[in-house]
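The whole structure should be built from the sequences, with the hints applied where relevant.
Letter by letter, the chains look like this.
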Amino acid sequence: MAFIKLKNITYTYPLAKEPALRNMSCELERGKFYGVIGENAGGKTTFCNLLRGLIPHFYRGELEGEMTIDGQEIRNIDVDILSTQIGYIFQNPFTQISGVKKTVFEEIALGMENLGVPKEEIIQQVIEIAELVKIEDLLQKDPNQLSGGQRQKVAFASIIAMDTDVFVIDEPTSQLDPQGTESIFEIIDKLKKQAKTIILVEHKIDLVAEYADELIVIGQGEILAKGDVHQVLSDFSLQTRGVMFPQAALLSKALSEKGFDFPNIPVTKSECIQMLKERMR
Amino acid sequence: MINSKNFTKLTIFLIPIGIAVNVVGGQLAVLLKLPVFLDAIGTFVVGALCGWAPGVIVGLGCGLINAISLPTLLPYTIIGMLFGVLGNFLAKKGMFSAFWKAIVNGLGVAFISTCMAVPITAILYGGFVGTGASVIVTTLMTAGWGVLPATFVSELSTELMDKIISMIVVFLVLKAIPARFVVKLPNGKYFLKEEK
Amino acid sequence: MDYGFIEKYNQPWTSGNPIRDLNPLSKLNLMIVLGLSPFVVQNYVYGFGMALLFIIISILAGCFRSFFSLYWKVLLLFGFFLFLVKAAFSPGEHVIFQIWGIRVTYESIFSGLNIVSLVLAFSGAFILFVKTTPMDEFTYMLEQKGVSHVVSFIILSSFQTITDLGQNAKIIMESQKARGIETEGNVFQRAKAYLPVIGPLILNAISSTEEKSIAMDARAFSAPVKHTYLMELPKPSIKEKIIVLGLDIIFVLLLIGRIVLWLL
Numbered sequence: 308m309a310f311i312k313l314k315n316i317t318y319t320y321p322l323a324k325e326p327a328l329r330n331m332s333c334e335l336e337r338g339k340f341y342g343v344i345g346e347n348a349g350g351k352t353t354f355c356n357l358l359r360g361l362i363p364h365f366y367r368g369e370l371e372g373e374m375t376i377d378g379q380e381i382r383n384i385d386v387d388i389l390s391t392q393i394g395y396i397f398q399n400p401f402t403q404i405s406g407v408k409k410t411v412f413e414e415i416a417l418g419m420e421n422l423g424v425p426k427e428e429i430i431q432q433v434i435e436i437a438e439l440v441k442i443e444d445l446l447q448k449d450p451n452q453l454s455g456g457q458r459q460k461v462a463f464a465s466i467i468a469m470d471t472d473v474f475v476i477d478e479p480t481s482q483l484d485p486q487g488t489e490s491i492f493e494i495i496d497k498l499k500k501q502a503k504t505i506i507l508v509e510h511k512i513d514l515v516a517e518y519a520d521e522l523i524v525i526g527q528g529e530i531l532a533k534g535d536v537h538q539v540l541s542d543f544s545l546q547t548r549g550v551m552f553p554q555a556a557l558l559s560k561a562l563s564e565k566g567f568d569f570p571n572i573p574v575t576k577s578e579c580i581q582m583l584k585e586r587m588r
Numbered sequence: 031m032i033n034s035k036n037f038t039k040l041t042i043f044l045i046p047i048g049i050a051v052n053v054v055g056g057q058l059a060v061l062l063k064l065p066v067f068l069d070a071i072g073t074f075v076v077g078a079l080c081g082w083a084p085g086v087i088v089g090l091g092c093g094l095i096n097a098i099s100l101p102t103l104l105p106y107t108i109i110g111m112l113f114g115v116l117g118n119f120l121a122k123k124g125m126f127s128a129f130w131k132a133i134v135n136g137l138g139v140a141f142i143s144t145c146m147a148v149p150i151t152a153i154l155y156g157g158f159v160g161t162g163a164s165v166i167v168t169t170l171m172t173a174g175w176g177v178l179p180a181t182f183v184s185e186l187s188t189e190l191m192d193k194i195i196s197m198i199v200v201f202l203v204l205k206a207i208p209a210r211f212v213v214k215l216p217n218g219k220y221f222l223k224e225e226k
Numbered sequence: 012m013d014y015g016f017i018e019k020y021n022q023p024w025t026s027g028n029p030i031r032d033l034n035p036l037s038k039l040n041l042m043i044v045l046g047l048s049p050f051v052v053q054n055y056v057y058g059f060g061m062a063l064l065f066i067i068i069s070i071l072a073g074c075f076r077s078f079f080s081l082y083w084k085v086l087l088l089f090g091f092f093l094f095l096v097k098a099a100f101s102p103g104e105h106v107i108f109q110i111w112g113i114r115v116t117y118e119s120i121f122s123g124l125n126i127v128s129l130v131l132a133f134s135g136a137f138i139l140f141v142k143t144t145p146m147d148e149f150t151y152m153l154e155q156k157g158v159s160h161v162v163s164f165i166i167l168s169s170f171q172t173i174t175d176l177g178q179n180a181k182i183i184m185e186s187q188k189a190r191g192i193e194t195e196g197n198v199f200q201r202a203k204a205y206l207p208v209i210g211p212l213i214l215n216a217i218s219s220t221e222e223k224s225i226a227m228d229a230r231a232f233s234a235p236v237k238h239t240y241l242m243e244l245p246k247p248s249i250k251e252k253i254i255v256l257g258l259d260i261i262f263v264l265l266l267i268g269r270i271v272l273w274l275l
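Residue numbers (my numbering), protein chains in the order written: chain A, 308 to 588; chain B, 31 to 226; chain C, 12 to 275.
Hints are computed from structural coordinates only; laboratory data are not their basis. Hints are supplied without guarantee of correctness; some may be wrong.
[Claimed, not checked] According to the in silico footprint, chain B covers these stretches of chain C (three or more CB under 8 Å from chain B):
hint, stretch
1, 85 to 97
2, 108 to 120
3, 128 to 136
4, 165 to 172
5, 202 to 216
6, 220 to 229
[As the list claims (entries may be wrong)] Only pairs whose alpha carbons sit at most 27 Å apart, straight line, appear in this in silico DSSO-like list of lysine-lysine:
hint, chain 1, residue 1, chain 2, residue 2
7, C, K181, B, K205
8, C, K156, A, K426
9, C, K181, A, K409
10, C, K237, A, K503
[Stated by the list, open to error] Far from chain B by the CB rule (all over 10 Å, computed), these chain C residues:
hint, residue
11, K19
12, Y20
13, N40
14, L63
15, A189
16, L256
Ideal Cβ placement from N, Cα and C applies to all residues, glycine included.
In structure tokens form, the structure reads like this:
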């Protein structure tokens with residue numbers, strides 16, 4: 308059964324004239340990794356706020372249509388309890404540092420303290436997560452004195468340390484260099500292998516295409532496409548709707564325009580190389 | 031449909047900001063060598079936006095933090111707390127809707143706070159506040175004035191300047207906060223009349 | 012990677028200094044009792060003795076520098092100037108000398124010494140408490156006594172926000188200077204510089220609360236669960252409890268004595 312179900316969801320922020328989400332319908336399953344892509348200001352973050360129950364409970368405004376999370380109607384959900392089930396990481400690393408802890412170690416521990424995790428487990432988990440996110444050397448530092456990129460990693464670590472089953476992650480790499488970005492994706496991949504459900508908004512399409520199971524394309528408040536990565540990325544008409552395509556797909560498109568046909572459209576570098584090799588033989 | 035406890039959530043996060051705005055606003059006035067304190071702006075803003083109780087908490091927290099660097103300020107905390115109540119009251123009366131009202135607010139608040147501060151300064155500290163205003167007080171007392179009138183005159187003159195500028199800043203800040211944010215706050219209804 | 016520092020979390024937090032390691036609530040209790048006792052005793056020698064005691068305690072607690080960096084201002088402003096003002100203007104019969112409106116009498120000098128001793132003793136207690144008690148340890152103990160974690164958050168966050176906004180104010184001021192706004196010059200020019208700094212500062216801070224609230228929510232800030240704590244403070248020793256209780260009893264007896272004397 309689908310974990311999150313949307314049926315004809317339309318949502319308008321308070322005092323806004325235009326709806327931010329229009330007639331959205333989709334189903335998300337447990338244990339899958341969904342990449343959310345699309346043009347800027349197209350409604351991706353609003354979509355995340357909806358999945359996290361912040362719409363309508365925090366933002367208010369007008370919500371039409373039906374939506375359930377784990378079988379529960381969104382309007383009746385207690386967001387405080389939902390916060391213990393769905394981890395939420397968003398863009399701005401500065402507001403995600405609590406400002407009430409003296410060290411990164413304690414900062415990462417905060418969420419677990421609030422969940423009532425026993426102290427010994429907290430200590431164990433903080434070390435494990437710090438090693439996973441590669442921030443061991445930050446553990447004794449003051450989280451309020453870190454750079455944007457360091458804060459982003461700490462914020463990311465703080466949420467995944469809470470070990471919820473579902474993670475909604477909105478552009479977690481905006482402040483990171485390519486190396487940092489790659490390692491965040493590796494961690495998300497590990498989470499997926501632990502059967503976590505992941506909804507990730509991310510501009511870096513090459514990486515999304517490599518790791519995600521399914522893509523959800525959002526533009527102008529609507530779901531423009533949803534489905535398997537290969538299926539969605541073979542529809543080049545989405546380019547006109549502000550969707551970026553992975554380099555592999557663009558290369559194959561350029562080559563096929565020159566009469567160099569591919570069996571299907573590759574979305575990752577390795578797929579592309581594989582196909583080229585077979586073709587060359 | 032909307033969970034009422036979510037109304038108070040933003041308030042929790044605005045209280046530390048109100049306290050910090052008071053403290054940093056005061057520091058900035060010192061830095062610019064202004065002859066006024068400007069250390070209650072946050073109290074008025076939070077009182078106006080979130081209600082009297084959060085305003086009072088901001089006044090209390092700010093008073094306690096100021097007292098760390100000068101514990102003799104502690105008795106004046108009660109006045110800072112009252113500013114939270116006044117902020118809420120003025121918002122309810124729609125007194126943040128025009129510039130001229132800011133001046134009226136400044137006059138009223140200055141008068142009230144002087145009436146409360148004078149007994150503290152005169153009785154507890156014999157007219158001595160430890161700021162530049164003490165010079166005025168001692169000069170007047172040397173000229174034969176009693177401690178109460180001397181303190182009243184000196185406090186009122188600084189308070190008038192301080193509170194009129196403060197209330198102008200509060201007015202401009204409240205005016206500049208986006209409506210979509212104000213609507214989520216407990217006192218939002220007092221600020222959104224013209225929208226409907 | 013050396014995880015030696017996590018040992019700190021496996022045991023109660025101590026600093027090794029017996030004064031600083033007193034329980035925060037014991038310290039609060041002692042501050043109130045010792046700081047207010049001069050008001051009950053009403054003898055300036057006692058009051059000055061207390062002030063001296065707090066200076067000595069600050070040395071023993073190894074925080075004399077940070078203590079005195081605040082206390083000297085009180086000593087100067089209120090120990091010296093307040094005394095002068097009181098001595099010059101308080102009423103009295105036995106005139107020592109008189110010039111213009113100034114009239115120094117025995118009574119005014121004693122009234123000056125009295126008020127100054129009270130101010131110095133209470134201020135000393137207050138600053139000493141703040142300087143020997145890390146705020147996170149204090150809020151931890153409050154939560155242990157059943158105070159809401161929201162109160163802890165407000166207290167701790169206020170201090171951090173002051174630091175953050177102070178830094179932002181500097182940045183905004185620098186950029187306004189670069190745009191040609193005068194931050195020096197006469198008082199009107201400086202006053203005009205105030206608004207372009209404080210305005211954006213407040214508005215930015217206020218608009219960040221929305222995300223801050225979401226971020227803290229994501230950390231289960233409002234989850235209806237009983238919290239656990241990484242921090243652990245040593246249980247107050249029997250000796251500590253006896254000292255605090257003893258001083259409390261003495262204070263109450265003094266208070267009763269004072270009230271009885273006053274009624275008679």
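Evaluation of the provided hints:
Given as covered by chain B, the stretch 85 to 97 of chain C passes the check, having 7 residues with a CB less than 8 Å from a CB of that chain where 3 are the minimum. Given a C-beta distance limit of less than 8 Å, the hint that chain B covers the stretch 108 to 120 of chain C holds, as 3 residues qualify and 3 suffice. Under a criterion of three residues with beta carbons nearer than 8 Å to beta carbons of chain B, the stated coverage of the stretch 128 to 136 of chain C is upheld, 3 such residues being counted. Here's how the stretch 165 to 172 of chain C fares: 7 of its residues keep a CB closer than 8 Å to some CB of chain B, so the rule of at least three is met and the hint holds.
Only residues whose beta carbon comes within less than 8 Å of a beta carbon in chain B count, and the stretch 202 to 216 of chain C has 11; three or more means the coverage holds. Counting residues of the stretch 220 to 229 of chain C whose beta-carbon sits less than 8 Å from any beta-carbon of chain B gives 6, enough to reach three: the coverage restraint holds. A distance of roughly 24 Å separates the Cα atoms of C/K181 and B/K205; the hinted pair therefore holds under the 27 Å criterion. Between the alpha carbons of C/K156 and A/K426 the distance comes to roughly 19 Å, so the proposed pair stays at or under 27 Å and holds.
For the hint linking C/K181 to A/K409, the alpha-carbon distance of about 23 Å falls within 27 Å, and the restraint holds. Only pairs whose Cα atoms come within 27 Å are accepted, and C/K237 paired with A/K503 is accepted, the gap being roughly 25 Å. Its beta-carbon lying about 26 Å from the closest one in chain B, C/K19 satisfies the requirement of being farther than 10 Å from that chain. The non-interface label for C/Y20 is consistent with chain B: the shortest C-beta to C-beta separation is roughly 26 Å, beyond 10 Å.
Every CB of chain B is more than 10 Å from the CB of C/N40 (nearest about 17 Å), matching its label as outside the interface. Every Cβ of chain B is farther than 10 Å from the Cβ of C/L63; the closest lies at roughly 17 Å, confirming the non-interface assignment. For C/A189, the shortest C-beta to C-beta distance to chain B comes to about 17 Å, beyond the 10 Å cut-off, and the non-interface label holds. At roughly 26 Å, the least C-beta separation between C/L256 and chain B is larger than 10 Å, which holds for a residue marked as non-interface.
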